[in-house]
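Asker: What follows is the residue order along each chain.
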Amino acid sequence: MDFYLTALLQGLCFSALALGIYISMKIFNIPDITTNGSYTLGGAITGIMLTNHQSTYLILPIVIFAGGIAGALTGLITTKLKVNALLAGILVMTGLHSVNLIIMGRSNLPLISTSSLFSILNIAADPNHNTFWILSVFVAIITLMIGYLLKTDFGIAMRATGNSESMVRALGVDTDRMKIVGLALANALTALSGYMIVQFQAFADINMGQAIVIIGLGSVIIAESFINWFNITNVWIILILVLIGAIIFQLVLALTLAIGVDPNLLSLTTSTFVLLIVSLPRLSFGKAS
Amino acid sequence: MIAINNVHKAFNKGKANQVNAVNGIRLNIQSNEFLVIVGSNGSGKTTLLNLVAGTVFPDNGSINIDGNDVTKTPDYRRSQWIARVFQNPMSGTASDLSILDNFRLAAIRTKAKGLSIGVNDAFKQQVKEKIATLGMGLENKIEQPMGTLSGGQRQALTLLMSVMDSCKVLLLDEPTAALDPRSADVVMRTADKLITDFKLTAILITHNLKDAYNYGNRIIQMGEGAILRDLSGEQKSALKQNDLFDWFG
Ligand SMILES: Nc1ncnc2c1ncn2[C@@H]1O[C@H](COP(=O)(O)OP(=O)(O)OP(=O)(O)O)[C@@H](O)[C@H]1O
Ligand SMILES: [Mg+2]
Chain F
1 MDFYLTALLQ
11 GLCFSALALG
21 IYISMKIFNI
31 PDITTNGSYT
41 LGGAITGIML
51 TNHQSTYLIL
61 PIVIFAGGIA
71 GALTGLITTK
81 LKVNALLAGI
91 LVMTGLHSVN
101 LIIMGRSNLP
111 LISTSSLFSI
121 LNIAADPNHN
131 TFWILSVFVA
141 IITLMIGYLL
151 KTDFGIAMRA
161 TGNSESMVRA
171 LGVDTDRMKI
181 VGLALANALT
191 ALSGYMIVQF
201 QAFADINMGQ
211 AIVIIGLGSV
221 IIAESFINWF
231 NITNVWIILI
241 LVLIGAIIFQ
251 LVLALTLAIG
261 VDPNLLSLTT
271 STFVLLIVSL
281 PRLSFGKAS
Chain X
290 MIAINNVHKA
300 FNKGKANQVN
310 AVNGIRLNIQ
320 SNEFLVIVGS
330 NGSGKTTLLN
340 LVAGTVFPDN
350 GSINIDGNDV
360 TKTPDYRRSQ
370 WIARVFQNPM
380 SGTASDLSIL
390 DNFRLAAIRT
400 KAKGLSIGVN
410 DAFKQQVKEK
420 IATLGMGLEN
430 KIEQPMGTLS
440 GGQRQALTLL
450 MSVMDSCKVL
460 LLDEPTAALD
470 PRSADVVMRT
480 ADKLITDFKL
490 TAILITHNLK
500 DAYNYGNRII
510 QMGEGAILRD
520 LSGEQKSALK
530 QNDLFDWFG
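One line per chain: the protein sequences are F and X, in this order. This note's numbering puts the first residue of the first sequence at 1, with every later residue one more than the last. This note's numbering puts the first residue of the second sequence at 290, with every later residue one more than the last.
Note that these hints are calculated values from the structure, not bench results. Don't take every hint at face value.
[Unchecked claim] Each computed BS3-like pair below joins lysine-lysine, with the alpha-carbon atoms no more than 30 Å apart:
#, chain 1, residue 1, chain 2, residue 2
1, X, K304, F, K80
2, X, K304, F, K82
3, X, K400, F, K151
4, X, K417, F, K26
5, X, K419, F, K151
6, X, K419, F, K82
7, X, K400, F, K82
8, F, K26, X, K457
9, X, K457, F, K151
10, F, K26, X, K430
11, X, K457, X, K488
12, F, K151, X, K430
13, X, K430, X, K417
14, X, K417, F, K151
15, X, K361, F, K80
16, X, K488, X, K413
17, F, K151, X, K413
18, F, K26, X, K413
19, X, K302, F, K80
20, F, K80, X, K400
21, X, K413, X, K482
[As the list claims (entries may be wrong)] What the simulated footprint calls covered on chain F by chain X, stretch by stretch (three residues with Cβ under 8 Å from a Cβ of chain X suffice, anywhere in the stretch; the number is not a length):
#, stretch
22, 112-121
23, 213-223
[Stated by the list, open to error] A partial selection of chain X residues facing chain F, derived with a Cβ cut-off under 10 Å:
#, residue
24, G343
25, D364
26, I371
27, N391
28, R393
29, A401
30, G407
31, E432
32, G436
33, G440
34, L460
If you're wondering where the values come from, they're calculated on a predicted model, not measured in any experiment. By construction, the Cβ of each residue, glycine as well, lies at the ideal position given by its N, Cα and C atoms.
Isolated chain F, as found in the complex (with noise of 0.2 Å):
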């Protein structure tokens, strides 16, 4: 049962991720591979901050903001250099990688004595409660502002610019700069995702952001299938569909484990399990029609 809590808080944990992907491929219909490196720095600067005693809530704005700068990075060079969206991303992470090598020093950063979000806040008694009670008032903060923003004139500019870029841009919007703000903002999420699963695990590590990209995208696309199945509109229920995306896909790989797959196979098994959600409804309408 332990193994399901620990699932359902890194789920939280991903949250942040998934809704940052929500908004990078959903909202701006781009691929955004900038994710596994800004996931991260996220990291490698919560573990050197804390591990040189630095306050967890100095780290948060620091962490927020420089995965707002590479999302931006790589929204600059898609827009202005005109390079193809994949490529811009996948050029920031790989320079990424060197930057989150020198942040950390390492590349590995134990964090057993230091201070923590978790260590730090108090609200149960029993550390995991405390941990879930932590995840759950940051991922509804975190919720409330996307959904707010989204609901906003700007949001709606947003919300259309991955619609109909003609249209968008005839009614007034600087559709480049909007794409920057978008990617800064779903690598903000992203950052944040970052910081906070350090502190759940209690290491950093350089190569934590491997394949971060299609747990982000898993979330997703789970919760795109209750939102076409049911034919979802409103801003707030596609937002909790992304959460509880967020944590099916944690409960899924915690289940693959506990019946014994080798953790070896562990990346192979994401893929695989995000190819079956994918192709699912394509193979079931296949056979309707």
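Starting from the known structure of chain F, fit chain X with the ligands onto it as the hints suggest.
Answerer: Relative to the frame of chain F, chain X with the ligands by itself:
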């Protein structure tokens, strides 16, 4: 209102497949003028419209709108004067957004898109009343995604959206090309009514010679990036539909 001074635009410049899409056009369009552009495929009509809208920039020559030199102004800044209806209904509306959100964006075309929520009950009411004037029964569907509507419905809404915010120039590039004859008729009537009611300066590109005959108070024919014929006011009124067919004979 719009002054196009000796504008040239070539694509694939310097290559073997260079196309001189617009070839030194001079055109002055007065306020409240409703200009119809006809011409065969590839004669440069869309390119000329895009030059006015600012989605392509001239190689030389200049463009003025409402007394401002906009030759190098990007499209999203020219939107303070210009509203557009595209040939493809998908281009003029955002499919995944609700009708309401589409209208909200259109209502702030000339303004900043800020961090406040603009869709409130008063706005909903305003949109419902606007849409009701179309008589398509869409006023009760404003929460639906735009993508659930037909092309004709979307074009009609795009037209309405163009006058949600202050608008001086309306650009219509074959707005009815993707529509069945009845929807096309509704869209053209709506356009004509809005142009009159809101005293817009309008440019309509069409291959439908009946529409070219029925609508507008000036007509030009384009060919190979140049203006072949230019008739306005009484000259256009005196024109017969058969004369138009003869232009393409
Ligand atoms: N982006 C582009 N790149 C290269 N060539 C282009 C481009 N846009 C237009 N052209 C060429 O410029 C010429 C004029 O095209 P334009 O689209 O303005 O014609 P049109 O009068 O609107 O034709 P139609 O009636 O078919 O819409 C054509 O030969 C076209 O192939
Ligand atoms: Mg054309």
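Asker: Look at each hint and say if it fits the structure.
Answerer: Hints, one by one, checked against the model:
1. K304(X) <-> K80(F): With a Cα-Cα distance of about 25 Å, the restraint between K304(X) and K80(F) holds, given a limit of 30 Å.
2. K304(X) <-> K82(F): 22 Å, holds
3. K400(X) <-> K151(F): Distance ~17 Å between K400(X) and K151(F) Cα, so the pair holds.
4. K417(X) <-> K26(F): 29 Å, holds
5. K419(X) <-> K151(F): 22 Å, holds
6. K419(X) <-> K82(F): Judged against 30 Å, a Cα distance of about 40 Å means the pair is violated.
7. K400(X) <-> K82(F): The given pair, whose Cα atoms are some 27 Å apart, holds under the 30 Å limit.
8. K26(F) <-> K457(X): 35 Å, violated
9. K457(X) <-> K151(F): Holds, at about 29 Å.
10. K26(F) <-> K430(X): Satisfied, since the Cα-Cα distance of roughly 24 Å is no more than 30 Å.
11. K457(X) <-> K488(X): 8 Å, holds
12. K151(F) <-> K430(X): 19 Å, holds
13. K430(X) <-> K417(X): Holds. K430(X) to K417(X) sits at ~9 Å (cutoff 30 Å).
14. K417(X) <-> K151(F): Holds: K417(X) and K151(F) sit about 19 Å apart, inside 30 Å.
15. K361(X) <-> K80(F): Distance of about 17 Å is within 30 Å: holds.
16. K488(X) <-> K413(X): Holds. K488(X) to K413(X) sits at ~25 Å (cutoff 30 Å).
17. K151(F) <-> K413(X): 14 Å, holds
18. K26(F) <-> K413(X): 26 Å, holds
19. K302(X) <-> K80(F): The hint holds at about 22 Å.
20. K80(F) <-> K400(X): Holds, at roughly 24 Å.
21. K413(X) <-> K482(X): 23 Å, holds
22. 112-121: n = 0 at 8 Å, threshold three: violated.
23. 213-223: violated (count 0)
24. G343: Because about 9 Å separates G343(X) from the closest Cβ in chain F, which is inside the 10 Å limit, the hint holds.
25. D364: 5 Å, holds
26. I371: Hint on I371(X): holds, closest Cβ of chain F at ~8 Å, below 10 Å.
27. N391: 8 Å, holds
28. R393: Where the cut-off is 10 Å and the nearest Cβ of chain F is about 6 Å from R393(X), the hint holds.
29. A401: 8 Å, holds
30. G407: Since the shortest Cβ distance to chain F is 5 Å, the answer is holds.
31. E432: 7 Å, holds
32. G436: 9 Å, holds
33. G440: Check failed: Cβ of G440(X) comes no nearer than 14 Å to chain F, outside 10 Å.
34. L460: 9 Å, holds
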